[in-house]
Structures are given as C-alpha cells and as structure tokens.
Amino acid sequence: MNALLFLVPLALLLGALGLAAFVWSLNAGQYEDLEGAAARALADDDVEDGRS
Amino acid sequence: MTMDVDFSALATRGRNGALRLELALDGMTCAACIFEIEAALKAIPHLVAARVNYADRRLSLEWTAPDFDFAAVLERLRRMGYRARPFERESGENAERETARRLLRCLAVAGFATVNVMMLSEAVWLGGDMDEATRDFFHGVSAIIALPATAFAGQPFFASAFAALRARRLNIDVPISLGVLLSLAMSVYETLTHAPHAYFDSATMLLAFLLLARYLDCAMRRKTRAVAANLAALRAPAACRIAADGAQNYVPLAALAPGDHVLTRPGERIPADGVVLSGEASLDESLVTGETRRRCVSAGDAVYAGALNFDGALTMRVQAAAGDSLIDEIERLVEKATAARSRYLRLADRVSRLYAPLVHLAALGALLAWLAAGASLHDALVTAIAVLIVTCPCALALAVPAVQVAASGALFRAGVLLNSDDALERLAEIDTVVFDKTGTLTTPEPCVVNAQEIEPELLALAARLAHSSRHPLACAVAREYPRAMAIEGAREERGAGVIGIVEGVEARLGDLRFCSVDDVATDEDASVIAFRHGERVALLRVRQTLRHDAHETIDALRRRGLRVLILSGDRAAPVEAAARALGVTEWRGALKPADKVARLEALRDEGRKTLMIGDGINDAPALAAAHVSLSPIDATQIAQAAADAVFLGEGLGPIVTTIDAARLARALMRQNLALSLLYNTVAAPLAMAGLLTPLIAAIAMSSSSLIVTLNALRAGGANGSGERDTRRKRCFLPPPRGGRSSAEGDREGVTPRVFAAEPHPGPQSGPTLPLKGRVNTPTLASTRSPCATRIDA
Numbered sequence: 001m002n003a004l005l006f007l008v009p010l011a012l013l014l015g016a017l018g019l020a021a022f023v024w025s026l027n028a029g030q031y032e033d034l035e036g037a038a039a040r041a042l043a044d045d046d047v048e049d050g051r052s
Numbered sequence: 053m054t055m056d057v058d059f060s061a062l063a064t065r066g067r068n069g070a071l072r073l074e075l076a077l078d079g080m081t082c083a084a085c086i087f088e089i090e091a092a093l094k095a096i097p098h099l100v101a102a103r104v105n106y107a108d109r110r111l112s113l114e115w116t117a118p119d120f121d122f123a124a125v126l127e128r129l130r131r132m133g134y135r136a137r138p139f140e141r142e143s144g145e146n147a148e149r150e151t152a153r154r155l156l157r158c159l160a161v162a163g164f165a166t167v168n169v170m171m172l173s174e175a176v177w178l179g180g181d182m183d184e185a186t187r188d189f190f191h192g193v194s195a196i197i198a199l200p201a202t203a204f205a206g207q208p209f210f211a212s213a214f215a216a217l218r219a220r221r222l223n224i225d226v227p228i229s230l231g232v233l234l235s236l237a238m239s240v241y242e243t244l245t246h247a248p249h250a251y252f253d254s255a256t257m258l259l260a261f262l263l264l265a266r267y268l269d270c271a272m273r274r275k276t277r278a279v280a281a282n283l284a285a286l287r288a289p290a291a292c293r294i295a296a297d298g299a300q301n302y303v304p305l306a307a308l309a310p311g312d313h314v315l316t317r318p319g320e321r322i323p324a325d326g327v328v329l330s331g332e333a334s335l336d337e338s339l340v341t342g343e344t345r346r347r348c349v350s351a352g353d354a355v356y357a358g359a360l361n362f363d364g365a366l367t368m369r370v371q372a373a374a375g376d377s378l379i380d381e382i383e384r385l386v387e388k389a390t391a392a393r394s395r396y397l398r399l400a401d402r403v404s405r406l407y408a409p410l411v412h413l414a415a416l417g418a419l420l421a422w423l424a425a426g427a428s429l430h431d432a433l434v435t436a437i438a439v440l441i442v443t444c445p446c447a448l449a450l451a452v453p454a455v456q457v458a459a460s461g462a463l464f465r466a467g468v469l470l471n472s473d474d475a476l477e478r479l480a481e482i483d484t485v486v487f488d489k490t491g492t493l494t495t496p497e498p499c500v501v502n503a504q505e506i507e508p509e510l511l512a513l514a515a516r517l518a519h520s521s522r523h524p525l526a527c528a529v530a531r532e533y534p535r536a537m538a539i540e541g542a543r544e545e546r547g548a549g550v551i552g553i554v555e556g557v558e559a560r561l562g563d564l565r566f567c568s569v570d571d572v573a574t575d576e577d578a579s580v581i582a583f584r585h586g587e588r589v590a591l592l593r594v595r596q597t598l599r600h601d602a603h604e605t606i607d608a609l610r611r612r613g614l615r616v617l618i619l620s621g622d623r624a625a626p627v628e629a630a631a632r633a634l635g636v637t638e639w640r641g642a643l644k645p646a647d648k649v650a651r652l653e654a655l656r657d658e659g660r661k662t663l664m665i666g667d668g669i670n671d672a673p674a675l676a677a678a679h680v681s682l683s684p685i686d687a688t689q690i691a692q693a694a695a696d697a698v699f700l701g702e703g704l705g706p707i708v709t710t711i712d713a714a715r716l717a718r719a720l721m722r723q724n725l726a727l728s729l730l731y732n733t734v735a736a737p738l739a740m741a742g743l744l745t746p747l748i749a750a751i752a753m754s755s756s757s758l759i760v761t762l763n764a765l766r767a768g769g770a771n772g773s774g775e776r777d778t779r780r781k782r783c784f785l786p787p788p789r790g791g792r793s794s795a796e797g798d799r800e801g802v803t804p805r806v807f808a809a810e811p812h813p814g815p816q817s818g819p820t821l822p823l824k825g826r827v828n829t830p831t832l833a834s835t836r837s838p839c840a841t842r843i844d845a
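Protein chains in written order, with our numbering: chain A, 1 to 52; chain B, 53 to 845.
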C-alpha cells in the first residue's frame, strides 16, 4: 500500500509529462507537416557544411 | 517575359516584426525537393526563414528588410522548375486548422485518461483480494484523473449538445453527453459510498473513441481544403492595371476595385465585369453565355469576366458594383437555388433524429421499469446508464462519417475534390445526368480539328512557331506539340500572325492573307488559319471539339441506367451536332441561365434527381439548382463555387468514377447503419435486463464502432484502382492542357498524361478553385485566365 501511494502518482506524473510534451509539440505546429518531417530525418545538410 | 505581380499586399507581419508570406508550390515530386528549395533560398539576402511544408505543398517565407526582393525568390524557384504563387490563407482554413488542433488536444487528454484509468480499473477487477481501502484509493485516483479530463475532452460534445438543447432539438451529442455525465456522476457516488465498482473508464473510453472519429473526419476535410486552396493560388491570374499616371502593373485580381482601369491583351481573359473604354476586339464568351460565336466589342460595350479576348487590346473600367450586371443576376439565381437545396437532410441526421429520442426513452423506460419491479434507485440508475452507453450512437456517429472519409479520400486520389460533405449521398441518388455543352462536353479551349490531315512534320513546325504567340488560335496549334521548342527570333505581327525563319526559309502562321493563301469556304464555328513554310502550305481548322472520352463517358452513364440530357446556352445548331455525335436524344440550345434552372426544376417536379455538370458562369445557377453538381477543374470560379465537387484532368472519366464511388459509399453507409441498429437491437435489451455493467457496455459499444469503421474502409480500397495514377496522387494537378497528344500523333487513343511534375516555367494561369459559400463579388471578378505563357528555356 505504501509503495502504491508513491508509485501511482509517479506513474501519473510521468504520463502527464508525456501529455504536456504532446500538447506543447502540437501547439508548436509539429504536426502540420508529417510527411515532410519524415523526409527531413534523412537530410544530411548538417554533415555537409556544418550549418544547421 | 515574367509578369511582375505586386504581392506586397499579401504579406503579414509576424510576432518578431518579420514579414511573412506563404507560397503555394507546384512541381514538388519527392522529399528531396524540400532540401533543394530550402538550400537554394538560403542564399537570398534578408530572407530570415524559408520552410517547406511538404504535406500541403507550401513554402513559408520570412524576411526583415522592407526592400526585400521578393521577385528574386519567385525567379529562383521558377528556374529550378517550381511554380510558386503567393497565397493568402483563408480564414476558413485557419479555423479548420484550429478545430483539428483542438480535437487532437482533446483526443490526447481523453486517451491519456483512458489509459491511466484503465490501468487502475484493471487492478480493481483482477485484484480479487484487494482490501477496501486500496480499492477506494484507486477509485479516488480514477476520479481525480477522469473528472478534469472529461471536463476538457468532452467540450466538443457538451457544447454541441447544449446548443441543440437550447434550440429545443435533440442531436446525436445529447445522448453522448448525457451518458458520459451520468456515468461520471454515478461513479463519484459509488466511490464516495465505497461501492465495489466505478465506471470512470467507460466515460473516458467513450470520449476517446468519438474524438478519434471526429478528428479523422476533420483531418480529411482539411487536407482537401489545403490542396484546393493551393490550386486556387497557383492558378489565380493577375490583371494588368493602369494607374492614373499611365503606369501598368500586374496585380492580383483581389486587388481590383470598381473604377480601376484595366488593360486586356489578346489571349487574355477579361478579369472583371466592366465597360470598354477604348480598343476593339472580338471576344469568345463561351464560358460566360455558352455561345461559341464570337462577339465584337468596342468602346461603350459591357464585357463580362471570363470572356477570352481574341484580338486587339482593350482598355476597360472595372464595374463590379454595377447591380444589374450579368454576374449580379447570376448571383441572385445561385442564391435562390442554393437556398432550395439546403433543406437536404443527411442520412445520418435522418436516422439520428429518430434515434436520439428512442435512446432516451429506452433508458428512462429501463429506469422506471426497474424501480417498479422493486429495485433500488441505485441499481435502476446503473441499468439506465448501461442502456445509455450501450446504445450510444457511436457506431451510428461513425457509420456515415467513416465511409465519407474513406470514399472522399479515394476520390481525392482519383482527382475529384468534394466541395460539400453531403455530396456523396446526393450523388448516389441521381437518375438523370444533365450536361452543359460548351467547356464540358467540348474542350474549353479551341483545338485543331483537322490535325490528322496535315503532315506531322509541318504541324510540328507550325506548333513551334505558335509557341511565340499568345493568340488563342496560336495556342490551339501550340497545344498539338506542347513541348516543342519555340523558334528563335520568331516575332508576332499584331492582328496578322507569327513569322520566323526555319532552316533559312521563312515560315508564317496566321490569317490567310498573311500567309498569301486564297480564301476558302469555312463553316461558322471553325476558325481557319494558315501555315506556310516556303512552298508548303497547310490550312488549320480550329474549333472546340468534344472531349476525348465524351463518348465512353456517356455510354458508361447510360449503362448505369441514367438518363442523359444536354442543356446549353449555345445556339441550337452546334448543340444538335454535339448531341447527335454523342447519341443524346434530349437536348436544348440557346438557354439562358434562368431557363436552365427552370428545366432542372421541371425535371425535379417529375421526381428526377439530377446531376448537373457544367463549367461556365452561365451554368452556376443550374449547378446550384440541380440535386447535385460537378464541375471540371478548368471551369470558371463561380461554377466551381456552386458545384458540389470538382474533378481534375482532361477527360470526363472522373464523372463515372465519382458516381460509382458514391453508390458504393451509400451502400456501405446503409450496411453500417444496419449493423449498428442490429447491434443495438441485441445489446439494448440485454442492458435493459440489467445484464450489462456500464463497463461491458462501453466495451461492446467500442467494438461495434470498430466493426463499422473497418467496414467503411472498404470504400477506400474498392475505388480508384483502375484510375489511380501515382503521379497525379503526388501532384494533385491536372495535366497541362497540351498533354493530349504526343509527337507520334496519338490523338484520340491513350492519353499520354504529362503531370505537374513537369516544370511549368513562368506564370501560368487558369481557373481558381474557391470553396463553397464564397460566391461574392471579388470571387466572381476572378475567372478563367488566358492561355499559358510558355517560355522555352
């Protein structure tokens, strides 16, 4: 029982953190262009000349 | 030859003081284009940010310096083979994006709550030896999660239900909201009284499922709208405005105001309604009136947006606010016709109108019956809640939208953009198809009709020469070989033709006298132009021709048991010729817009459900008056605004595809409704008998939703397999007009489609695609624009 009092809120806290991260990324417009984001992962422009 | 259009009016100021502008892009074929574009734009001075949105095919730019050379960006993109046009995001699109975000946020919260509450509930169900204090603790934590989560995630439903109740109606959201709220209230009560069960999980799960369905629906619509808006921006033509000091500059049509003076050159379309101030020209008004014979105008004559200027420069005064212009009359007709159609009730609405009261009655009945049978108020309430949840119109709510999403997605890939959300249902009901002739059954632009009779080599040469001119007849010749190289040094003699030197021999394309050819007899619909290369001479007959698959399409429609009619604004003779060629027995010519509407109303009174297909300004009222309507992508803007769907491409094939898809979709919708009703007839009595707890009810309800959704997916798979074209899927653009024939002279058979993957250099313009309900004067002012300016590198 004591472990539960500690672990259940912890689990919820972690879940809430994930939720907050999702809402933040949603508001930051990261879901506007999923196709493009998938392709951007393959870009090697940061290797070429050091610029990002 | 680039037109420098002044777009500064469209830029908006961002938060950090930088100016922002979005561009619609055409020509992106793969993800590598993203990096190519962004890397190329890095070099442009003062540009702070350039980011490509690959899903929407858009590029957003930010710059700081006020004297930023915007034209340089367009020029650079053009050289790389991308067509780009500044683009003004519509308020409707922003609102839709916000709705999608809101739904996604709600869905995330509901999903989070479901998962966590479920984790706790499972412990309660499975932990048989759990002591009471732990159980109460778990229920308490569930309440702490579920109550705020439902308060947040349930808002879309609560708001809609509240609005419906205030209007003294019942909609599908009322039983949903009631079920959720009651089960929450009940669960709180159970928790406080240390009861063994609570039903927080059923409330959150219900919301998560429903939100998922709504989000998918919204995302689909948003995607269609974004692509439609891109098409509009890419094709929006510009008008050449003459300032008070005589300076000419190209401005977007939206910037035109009444009283402006506008110059229209040969080959361009009249940008707005107005009065000719000076100049003479013959106009092709087939898109405006349906009449294919040309009209000569001079100072003092009224001209209408959409007419094609054949020869001669016209200066005109814009008169959009005239009040009794053609457009005003048409607008009134469209409004009247649209009002009549708005009474259409969707299938889901019809069912839910019956269903919602039934659900409430069943739940109330269960409550009262159990109370009468001597059960405690608590047990009776639990049963009533189970009834509410198990009969929750989830499956019903999903049944129709899920099919719509799948079917409209399939149609989207096949090149049909749906304008209104009940178009599919109405399309499935039709038994009569009414065609406009000009621009619909026939090509909107003139074509060379006797191309087969001419030596291919000579025709190719004529086409090369024709690429140097913007005259509509030259454009028709140029379209025979769309990718021919223009002849160096060719020059145009105004009002006569084009002249150039090929292999040391002079070549001329133009009117008969210009090419020293004797007069020949012509029929009144065709224009004859001559081509002379040294001693060799060819006569080219140019006329609007039937679209290449008009025959097959009409046969396919007849095979489906549909009655086919032609109603045209053109004179009787050409209409009869077209009708005879296509084997259509019912046709009328010389109809005014109001006559078309009257004819459609007569058909409706006969009990016919009509599909109207048309493209001209004069068709708009008829499109709005018909039971359902379609427009080709090269239609005038007002026609597209009045139509329920717009199809891309050169041919009429998408019409048949659309009807088939709609019929399949309707069949699936009915299956789905039948499935969910069947489910309810089994589950509701069980729930009323008190055999289901709210949790089991929620699981049963979810699985019924799942079955319905899976069934709906068939609408997406079964359609479009034959028509699908991956290139089109990527680009969503019709082939350039000239894509019809290849150099090998393949004129009637297979169409070698050239899609937008080909670079289109230079400003090319065409029709714009507005969304429904935007029929207002600025929209009307912008209609089809001239033949493309071709620039050969």
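Keep in mind that a hint or two might mislead.
[Stated by the list, open to error] Listed below are the simulated SDA-like cross-link pairs for lysine to any residue, each with C-alpha atoms no more than 20 Å apart in a straight line:
| hint | chain 1 | residue 1 | chain 2 | residue 2 |
| --- | --- | --- | --- | --- |
| 1 | B | Lys-94 | A | Tyr-31 |
| 2 | B | Lys-275 | A | Leu-5 |
| 3 | B | Lys-94 | A | Ser-25 |
| 4 | B | Lys-644 | B | Arg-656 |
| 5 | B | Lys-275 | A | Ala-43 |
| 6 | B | Lys-275 | A | Gly-36 |
| 7 | B | Lys-644 | A | Asn-27 |
| 8 | B | Lys-94 | A | Asn-27 |
| 9 | B | Lys-275 | B | Asn-146 |
| 10 | B | Lys-388 | B | Asn-146 |
| 11 | B | Lys-661 | B | Ala-726 |
| 12 | B | Lys-275 | A | Ala-11 |
| 13 | B | Lys-275 | A | Asn-27 |
| 14 | B | Lys-388 | B | Glu-653 |
| 15 | B | Lys-275 | A | Tyr-31 |
[Said to hold, decoys possible] Computed from the model, here is a short list of chain A residues facing chain B with C-beta under 10 Å:
| hint | residue |
| --- | --- |
| 16 | Val-8 |
| 17 | Leu-12 |
| 18 | Leu-19 |
| 19 | Phe-22 |
| 20 | Val-23 |
| 21 | Leu-26 |
| 22 | Glu-35 |
By construction, these hints were calculated from the structure, which means they are not laboratory data.
C-beta atoms are modelled at their ideal positions from N, C-alpha and C, and glycine is treated no differently.
Quick rundown of the hints versus the structure:
For the given pair, Lys-94/B sits about 24 Å from Tyr-31/A by alpha-carbon distance, which is inconsistent with the 20 Å threshold. For a cut-off of 20 Å, the pair hint linking Lys-275/B to Leu-5/A is broken: about 46 Å separates their Cα positions. Restraint check for Lys-94/B and Ser-25/A: not satisfied, since their Cα atoms lie roughly 26 Å apart, outside the 20 Å limit. Pair hint Lys-644/B plus Arg-656/B holds up; C-alpha atoms about 19 Å apart against a cutoff of 20 Å.
This hinted pair does not check out: Lys-275/B and Ala-43/A have alpha carbons roughly 25 Å apart, beyond 20 Å. Among the hinted pairs, Lys-275/B with Gly-36/A is consistent with the structure: their alpha-carbon atoms are about 14 Å apart, no more than 20 Å. Among the hinted pairs, Lys-644/B with Asn-27/A is inconsistent with the structure: their alpha-carbon atoms are about 52 Å apart, more than 20 Å. Between Lys-94/B and Asn-27/A the alpha-carbon distance is near 26 Å, which puts this suggested pair outside the 20 Å criterion.
Distance hint between Lys-275/B and Asn-146/B is fulfilled; the C-alpha atoms sit about 12 Å from each other, no more than 20 Å. Distance check on the hinted pair: Lys-388/B and Asn-146/B sit about 29 Å apart at the alpha-carbon level, beyond 20 Å; violated. Among the hinted pairs, Lys-661/B with Ala-726/B is inconsistent with the structure: their alpha-carbon atoms are about 25 Å apart, more than 20 Å. Between the alpha carbons of Lys-275/B and Ala-11/A the distance comes to roughly 37 Å, so the proposed pair goes past 20 Å and is violated.
Straight-line distance between C-alpha atoms of Lys-275/B and Asn-27/A comes to about 19 Å, which keeps the hinted pair within the 20 Å bound. This hinted pair checks out: Lys-388/B and Glu-653/B have alpha carbons roughly 12 Å apart, not beyond 20 Å. A threshold of 20 Å between alpha carbons decides the hint, and for Lys-275/B with Tyr-31/A the separation of about 13 Å falls inside it, so the pair holds. For the restraint placing Val-8/A at the interface with chain B, the shortest Cβ-Cβ distance is roughly 6 Å, inside the 10 Å limit, so the hint holds.
Hint status for Leu-12/A relative to chain B: holds, with the closest Cβ pair at about 6 Å, below 10 Å. At its closest, the beta carbon of Leu-19/A sits 5 Å from a beta carbon of chain B; the interface hint therefore holds under the 10 Å criterion. For Phe-22/A, the suggested interface contact is upheld, since its CB lies about 5 Å from the closest CB of chain B, less than 10 Å. This hint holds: Val-23/A has a C-beta 6 Å from the nearest C-beta of chain B, less than the 10 Å allowed.
Satisfaction of the interface hint for Leu-26/A is found here, the shortest Cβ-Cβ separation to chain B being roughly 6 Å, below the 10 Å cut-off. For Glu-35/A, the shortest C-beta to C-beta distance to chain B is roughly 4 Å, which falls under 10 Å, so the interface hint holds.
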